[in-house]
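Listed below are the residues making up each chain.
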Amino acid sequence: MLDASEGYTTEDGRKIGGVVMEMKNITLRFGGVVAIKDISFDIREGEIRAIIGPNGAGKSSMLNVISGFYIPSEGEVWFHGSKRPQMRPYEVARQGIARTFQNIALFEGMSVLDNVMTGRLTNMKSGLISQALWKGKAEAEEVANREIAEKIIDFLEIQHIRKTPVARLPYGLKKRVELARALAAEPKLLLLDEPMAGMNVEEKEDMSRFILDVNDEFGTTIALIEHDMGVVMDLSDRVVVMDYGKKIGDGTPDEVRNNQDVIDAYLGVAHD
Amino acid sequence: MSDQFLFATEVFINGLMAGVLYALVALGFVLIYKASGIFNYAQGVMALFAAMTLVGIMEGQVPFSHIINAIFGTEVHHFGWHVPALLAILLTVGVMVVFAWLVQRVVMRHLVGQEPIILFMATIGLAYFLEGFSDLMWGSEIKTLDIGLPQGGSFLIEDMTAGLGSDNFYGFFIDNLDIVATGIAVLLVMALVAFSQYTKQGRAMRAVADDHQAALSVGISLNFIWVMVWSVAGFVALVAGIVWGTKSGVQFSLSLIALKALPVLMLGGFTSIPGAIVGGLIIGVGEKLFEFAIGPMVGGATENWFAYVLALLFLVFRPQGLFGDKIIERV
Amino acid sequence: MAQMQSGAAGKLSLPALLQRNATQFGDSPAYREKEFGIWQCWSWAEAEKEIEALALGLINLGVNEGDFIAIIGHNRPYLYWAMVAAQSVGAIPVPLYQDANAEEMAYVLSHCGARFVIVADQEQVDKVIEVQDQLHQFEHLIYLDPRGLRKYDHHQLHEYSHVQAQGRAAYDEWITDLKTRREKLNYDSTCVMLYTSGTTGKPKGVVLSNRNIIESAKNASEFDKLGVDDEILAYLPMAWVGDFIFSIGQAYWTGFCVNCPESADTMMTDLREIGPTYYFAPPRVFETQLTSVMIRMEDAGNFKKKMFHYFMDHAKKVGPDILDGKPVGFMDKLKYKVGDLCVYGPLKDTLGFGNVRVGYTAGEAIGPEIFEFYRSLGINLKQLYGQTEATVFITVQPDGEVRADTVGVPAPDVEIKIADNGEIFYRSPGTFVEYYKNPESTADTKDPEGWVATGDAGFFEEGSGHLRIIDRAKDVGKMADGSMFAPKFVENKLKFYPDILEAVLFGNDKDRCVAFINIDLTAVGNWAERNNIAYASYQELAGHPKVLASIQEHVETVNASVAQDPMLSGCQVHRFVVLHKELDADDGEMTRTRKVRRRIVEEKFSDIIGALYDGSLQISTVTEVTYEDGRKGSISATLDIRDAAVASIATKLAAE
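Chains as they are written, first to last, in our numbering: chain A, 147 to 418; chain B, 8 to 338; chain C, 3 to 658.
Some hints here could point you the wrong way.
Said to hold, decoys possible - Pairs of lysine-lysine, DSS-like flavour, derived with a Cα cap of 30 Å:
hint, chain 1, residue 1, chain 2, residue 2
1, A, K309, C, K350
2, C, K51, C, K13
3, A, K283, A, K309
4, C, K339, C, K227
5, C, K153, A, K334
6, A, K161, A, K309
7, C, K318, C, K328
8, A, K350, A, K392
9, A, K283, C, K36
10, A, K334, A, K161
11, C, K153, A, K350
12, C, K419, C, K153
13, A, K309, C, K36
14, C, K419, A, K297
15, C, K306, A, K309
16, A, K309, C, K307
17, C, K350, C, K319
18, C, K606, C, K583
19, A, K283, A, K170
20, A, K320, A, K309
21, C, K335, C, K319
22, C, K36, C, K350
23, A, K297, C, K307
24, A, K309, A, K334
25, A, K161, C, K153
26, C, K153, A, K297
27, C, K634, A, K350
28, C, K339, C, K308
29, A, K350, C, K583
30, A, K320, C, K339
31, C, K439, C, K480
32, C, K204, C, K186
33, A, K350, C, K36
Honestly, the hints are just simulated from the structure, not real lab data.
Computed from a prediction, not measured in an experiment: that's the story for all the values here.
Okay, chain A solo, but in the shape it has when bound (with noise of 0.2 Å):
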């Protein structure tokens, strides 16, 4: 298997580094019912590792708690080298996490630029008094901001929607504005809970380069749970297997389409 200290380099020569998140043994349990059992895997940096799996596999509560949704009963999570105390979700989006939802949680009410710019919000660092006089520091620090935002309205090509609000816009335009706040916060691992879900095909293609285009212009370690197994596979550079609750198979694209397990459970092969 791979060396914990260094990196790897995949297939189209992109350099992966180090671990930057690392799940050891996480153990999730709703009243007696076990949602994740005993799972280990790393996230390294620079990389889109996936986390697949059929419905119910439990892929969704993984997700929930590396973003500090859920609080594991058993196991550690390890962040950029240290043990993660018990935090909760903004303190882990604080921490450079940032994360879309399978059912989309934007802010409906507010038009697209001020849904990205809640993204900036804990990269702002001025008090409200400053802000309150509008002097030197917060106007540049609102200035700066604002430009982030608009690089990334730009990248995600979103811009003739910049000023509409929310809630009337389509699903898929949804989904990257979701993507775009996301984005804004620079975040050091990116969580993307069903980014193709409810998607027609062309849509699934925008959103696939999307993502591709983001690790590769900006570098960031996506973590993404999708259940389509074939956009999965193009995408991602390492997989994660589920399986009700547990892994069943962990390595590359190649390595776990021929893994006999994952193929099992694809198929539907009763479990006994």
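Starting from the known structure of chain A, arrange chains B and C on it as the hints suggest.
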């Protein structure tokens, strides 16, 4: 111009002024409702508490003097100093922030995710607790509040307008306090709008109001925002308390103005700041004009019920209010 | 020689004009582009520096005099600079249509033998790389937006800003060379080569000299009194001669500012923000805008709707006269002023026409109601007639002599003659040099005396001296009984209905005419929505009986109006069919500038034409289509054929 018309105009202007005060109280409700979905029954009592605290601090009253004296057998009532109004207001703001933090810490935090009706009940409890607590802290006697706001009829306006009608028209009678209150209300609304639109805390507040989950995911602490919202509502309560307290004395009935805010909210909608203002003005003007025109025919005192009847009509024909979000039940 | 010197004040090339502008208008804005939500601006002095850096970079990369440099992308200042930088080093810029597919691109690139290609983004890079193997002379590709291109092999690939940086770094090394090359340019050296899409056959490379461009730009600018303070929005394809004349020729001659929109999707917002004073749009754009205004008015409140119609009726009555400076009654004038305050002004602002002083439309005939609508609002919209080979201008409408059915009087310095068969010929300083590597076509089009055949048939109107266009000369045919067959004439009348997008008339050598019709999905879709008519596709909507009935009504009204004209009354539509698909450039049925390729349509749908003539009531057909990504598929449909009432022939009436 006929005198009748001038009288009506005077009533109209006075109605506007009264409406501003209603709007002021309603604003506090809207703020908390928008950000957390809680209908804060205690808003009126908060105004009472804020006004009492302000008076207490200004006059150098010893808080909880009754208990202290009862336990220790002492006779302390006053520190013997007077605090200047501006400083006292700042200190009171501090007290309201502490209060907001306590409410969040002790009550609301434990009720996250509960039904709205539970949260509403909690604020009713809070209201009664706060009412008793203020009495205990500052005593229950009626106090006068004077932070130097001008009062009494404006002679300037009276003189300027006296020539408009015939001899038995003496000019418009408009209370100086009402004029100042209007000014304060306008400033307050402008400040609130600037705060919510142009500061990062304001942006975070709007974000929380819109979607909790999304707000968390961009690193906004819900607790912090809620403390902030309760503080801002406390500040609005203080402003309302100052104006109403100056007008009619700081006493228990102050907490009842919250009941007047209800029809205002039904008119304007629970989620709209402009709605609270317009609603307040409509109620203010409506009830004064109604009393002026119809009151004498039905034996007067229409001001007591006019607002509620109007609100009732609105509930039937436009339940979301003039500016509120459309109520759509998703199945 | 004397004419040459005075004609352009001694400035004999665009790079020379650039030098003049950089000193004379140094601080006034030359280019603006909205990026990251803000209008970025370059003054003439700054633009000159940018162009110089790129030119030095191009020399550094090995561009020789006489090389062809292809330029592909949407309107961006950088790409306009690339054209002038290319000229500065003695190379010839060849702008290409950005939506051209790889095959079309390969043809043009290999035909001109471009050694260098400058493109906007990854999409265009991919297209060029795809056809790279077919291009023998191709060497280097320069791209503007680095996005997505990090992992590409950079042996032949260069980022625009790097080329500029290298140019700046090598300033001392190449600046003398650059100056020498710039000074060698004269009035007869090639300014640009533009490929015409052409309705038939392969595109032809039209070579235009500095004389062509500068003389045409100068004449047109003086004709409309354009100056350094004017503003235009550059949004039409850079490969089109009109954009070259407006955004480069006239901009360099007068020094006015060229504004580039943020993206194609934000065009309307950008138009509003810039508020151009000089504006060009094909009739289609004006049509779309009018449709969207009307739709919004349908949805508006009662009061607003009433006010709109009340004042628009008044505007229709007196607006055009006020615009033309004709005498109008005082009360009418006052009412128009009130209307301007309440309706026309705000409407012009939302449309982005608030500041337009001179507006043009051309390319196709514009519907009289559409034309009148804009003119009645007080927008000085005019028509011109031109083509690439003439460097745009053949005829123009002078202020105060504007009508929907003519294309104006000969432009300054343009001579026009009309041949016996009705074909229009012209001769002017804008007349093109040649078709590149195609002496036969050149000789066919331009005779030794310099007269160019337009291929259009038309006549000068008695009295006004305005030119009226009937149709393409080769499309004007004869029907079986010998009467004139002018399809465009009828098609345009049909297309003036908002719910008809396209119409194709057949009838050459036949005894009667039949027509294909495309409905306008926006207009008809909107109508369907308001009338609760559900539809899943274009095809379904196009076959809806109610749609067919309303189209039939239009056809019959048109027939009645065609019957009025004794020469053309034989062209009435006897039978028609509403096609199951939109005619599309991707399927070769139209040119990229959206002109119908008549012959291809005729071949492709021969079965339907057959059915139109044999009297059958229905026809089942299968049609091949090309999707956006190049894949092919087919759609099958059964189409209803309708008979239309024909008015009695006017000639007979006249004879009696």
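Handout entry: Hint check, failures only
Key = Those not satisfied are hints 6, 12, 14, 19, 23, 30, 31, 32.
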